[in-house]
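Engineer: Given the structure of chain A, go ahead and fit chain B onto it with the hints provided.
One-letter residues, chain by chain:
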Amino acid sequence: MRKFLLAAALTLFSSAGYAADIEAGKYQAVLGDCRGCHGKDLSGGVALMTPFGKLVTPNITPDKGTGIGNYSAEDFRQAMKAGIAPGGKLLYPAMPYPSYARMPDADITALWDYLKTVKPVKKPVDVNQLHFPFNLRFMMRGWNILFFSPAPYADTAGKSAAWNRGAYLVNGPGHCAACHTPKNFFGADKGAALTGASLQGWYAPDLTGDKQAGLGSWSANDIVEYLGTGRNAHSIASGPMAEAVENSTAQMTASDLNAIAVYLKDLPASRGNGGGATGVEAQLRAGRSLYDINCAACHGRDGKGSVLFPALAGNANVRQVRADTVVRMVLAGGQAVATPKAPTGPGMPSLGWKLSNSQAADILTYVRNTWGNSAPAISAETVGRIRSELHSGS
Amino acid sequence: MARMLPKKDVVIMGLGWTGSILGEQLTAAGLNVVALERGPWRDTATDFNIGYMQDELRYAIRKDLFLSPAVEAMTMRNNASQTALPMRDYGSFLPGNGVGGAGVHWNGHTWRFWEYDFRIKSHITERYGAAKLKNLMLQDWGPSWAEIEPHFDKFEYLCGVSGRAGNLKGQIQPGGNPFESPRSREYPNPPMRMPYASTLFAEKMTGLGFHPFPLPSSNMSRAYTNPLGVRMGECSYCGFCERFACGNYSKSSPQTTVLPVLMRRPNFELRTECEVLKVNLTPDGKMAKSVTYTDQNGVEFEQPGDLVVLCGYGLMNVRMMLLSRIGQQYDPATAKGTIGRNYCYQTSAGARLLFDDKHFNPFIGSGALGMTIDDFQGDGFDHSKLDFVGGAGISCSVTNGRPISNRPTAPGTPRWGAKWKQATKEGYQNAMGFGSQGSSYPVRENYLDLDPTYKDRHGRPLLRITFDFPDNDVAMSHYLSDQLEKMVKPFNAKYSGVGRLKKGWDSVPYQSTHNTGGAIMGLDPSTSAVNKYLQSWDVPNVFVVGASAFAHNAGMNPTGTVGALAYWAADAITSKYIKSPGALVHT
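Protein chains in written order, with my numbering: chain A, 1 to 394; chain B, 1 to 587.
Everything labelled a hint here was simulated from the structure, so no lab data went into it. Note that the structure is a prediction, hence the values are computed from the model and not measured. Among the hints, erroneous ones may be present.
Unchecked claim - Derived pair list, reagent style DSBU-like, types lysine-lysine, alpha-carbon separation capped at 35 Å: (1) A/K116 / A/K89; (2) A/K54 / A/K26; (3) B/K576 / A/K341; (4) B/K358 / A/K354.
The shape of chain A in the complex, shown without the other chains (with noise of 0.2 Å):
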């Protein structure tokens, strides 16, 4: 046993500086949350469903054959920053090199000789799973012309040194908008930053200063605490953020989550989510009673959780604009990300079983509307809608 341990040691310890330069490269697979798509060994191979088809990811293993051993470093800061892969091939932009592109050359380089330590997985991918026409690569040509624009991220004068470390997080190699940005026709961003969007039948949370859909009542501390942690005193993440967490930020430098916190916290509120359900009071009755059966054993009828499960009170995930991710975890349940921190990783049953639609609406437009909550109410209809979606596994 004891020989055992000293083997590990030595593992872990020979050529020190050798090992810093790696473990740096290592932070920027964090940083960049490559695990989040490209899979835990990076061997890719995770559908990711776009509304243009299937996008499956590809194999970033140094495996010549089916990764990239045979890249260059120039290969991959040119996939890296331009989007562009050995031959030519145009990227698709579900690789978020429009964001990867603010990243120093100098990060891409110890990124890249990290990646190459990789224990290579001999694993072919069939990437593109696309519709026509979107599987015709060539046509990203003119969305790069028309939506990418690189360059190097640049401080903003005035702004603190934490703030523009936060700034070139989130929108650099964090890549926060993929989800977080409302995106146009072309799946490009638009609109305003990082106010919410849907993704893959989740809703990807409004992160700016409102009060009601955004972070605006959590403080920074509560920030960094949701990302360190994967649950906070308001809300607990799951659903494509707990892997997020689990893979990234979770793993990310206390001063690095708070410099995050710091850029959040500085967002201007967006328009919010329309305000309050009004003229729902039969809505809210059969929901409160539905909620104390279903919910309050767990949640609290205060809706203030506990230690281990959500609160619903000041939970800006149940006052988004779009019912898709609370009427989800009602109908199909979830499972929070565990994290060392907090290992527990609690599970929300499915209860889509035993509610109709209007029940499921009448909890949802309760919660959502009580203990300082906020936001439209939700009908049967969405409710309809969002359980089919579920059923066809869209």
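Structural biologist: Structure of chain B alone, referenced to chain A:
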């Protein structure tokens, strides 16, 4: 031929309470650990959905979470003159199955055996003289109270036990159990909120001069974060606890306290649906070299390890030792041999009361929710004029008001039809009960061995239980029933009845899953299977952890003591065994 696998530092059989605790402690010490679990993976979010966990038919009646006799049955008889027959269905006790083991479906009663229990033979001899022991094979366990107390504390903080201290470092505390042995600090959580029946019981017991206290519960009286950082929710008193898994993260189990941390450890590996067939010894029989197991496809593997830790249910630990020839089979004719010795159970009796004008609201229930008196527990009362030793806790706990099994009626009520329906309607709000859970002390004739006739699906002999309630325990239980008779009087119930234990243990009706002994710990290798650190005397790289190590059973639920022994054994391994592998006790 079994496929040979790469060696691990530690191989654990079974991932219930003890396997999880050993796994956590040994991986924290840097060891490479694999756990082999016969049953399936189970987790709260995926398997204990709060939306359907309250299915009494599926879980309580059809016993969905329990071990099926098709996987492993046992045979039973009352004495050696009989031929044992296999139990075709588990009834008297219900072993768990799968990850979490019985820790998934237990009630959460989390008691500490007393200092008295760990040195029971010395204590009784000192207080009453050796003649008081009569034919009982009582013996000291080994660890002193000072040695074992910190490990009770660890388990209680892991579980977030809700309770009130009765003896803090020797100072008796109001509202707690004045008879308990000294504890180093208060329980991690305050007591549960009491239902009416338990409150009424406490009021009447106080009136009789007894000392009621809230029974220590691993149901959460409030949300809790344990020392590993694992979080639990507050109990909702839903009344679906025993025989069920908790969908609310409110009952301590390996899943809700240890596994979220353990499963993340890179030096821990779990293989589910992998049944250990035997522990393989070196040719001289002095060391374990590997275990052979079979996966769900029937493929056999040999897993070598430096250390083997048996963490199955107590009865299964004993059987694994017998199948692997670790130690010598106990023989009741000669009282020689150690494996199978000192098998004990539990000795209980109950009181039922029926009123006309109460509203007990029995649907407000939880696994370990109630008030207890320990005035007749262990040696907390004077036995000098009594013809027995031992005793019982008396508890009024409210577990459920479930529609299938909770239909209290007065004696003489028809068993079906309109009159039965009317009676159950009246009885539902008007019935309460309390009962004694008594000690079970070892005698020469009660033991475990391998059945000569019946085999399991792998062709291995089943475990045979030879057990009947010893005269000492029957006398104890009858004395307790006499006390119950006195206790029901001040309630002025319309009807009351007190049960009396009969000889002839029947394995069909449910009684208790508190089977203990068979691989007991002790100070003498001729009368114990494992030393005071739960290390096999015969094969020192095998540790056997669980209620199998109890040298007798007290009048308390065993899990608190099982948890303490798991931490105690883990501490011996990490602080002593790793530094110097080999026997930790020399005689």
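Engineer: A separate judgement is required for each hint: does it hold in the structure or not?
Structural biologist: Status of each hint after checking the structure:
1. A/K116 / A/K89: Holds. A/K116 to A/K89 sits at ~21 Å (cutoff 35 Å).
2. A/K54 / A/K26: The given pair, whose Cα atoms are some 28 Å apart, holds under the 35 Å limit.
3. B/K576 / A/K341: 30 Å, holds
4. B/K358 / A/K354: Since the Cα atoms of B/K358 and A/K354 sit roughly 34 Å apart, the hinted pair holds (cutoff 35 Å).
When each numbered hint is compared with the structure, no violation occurs for any of them.
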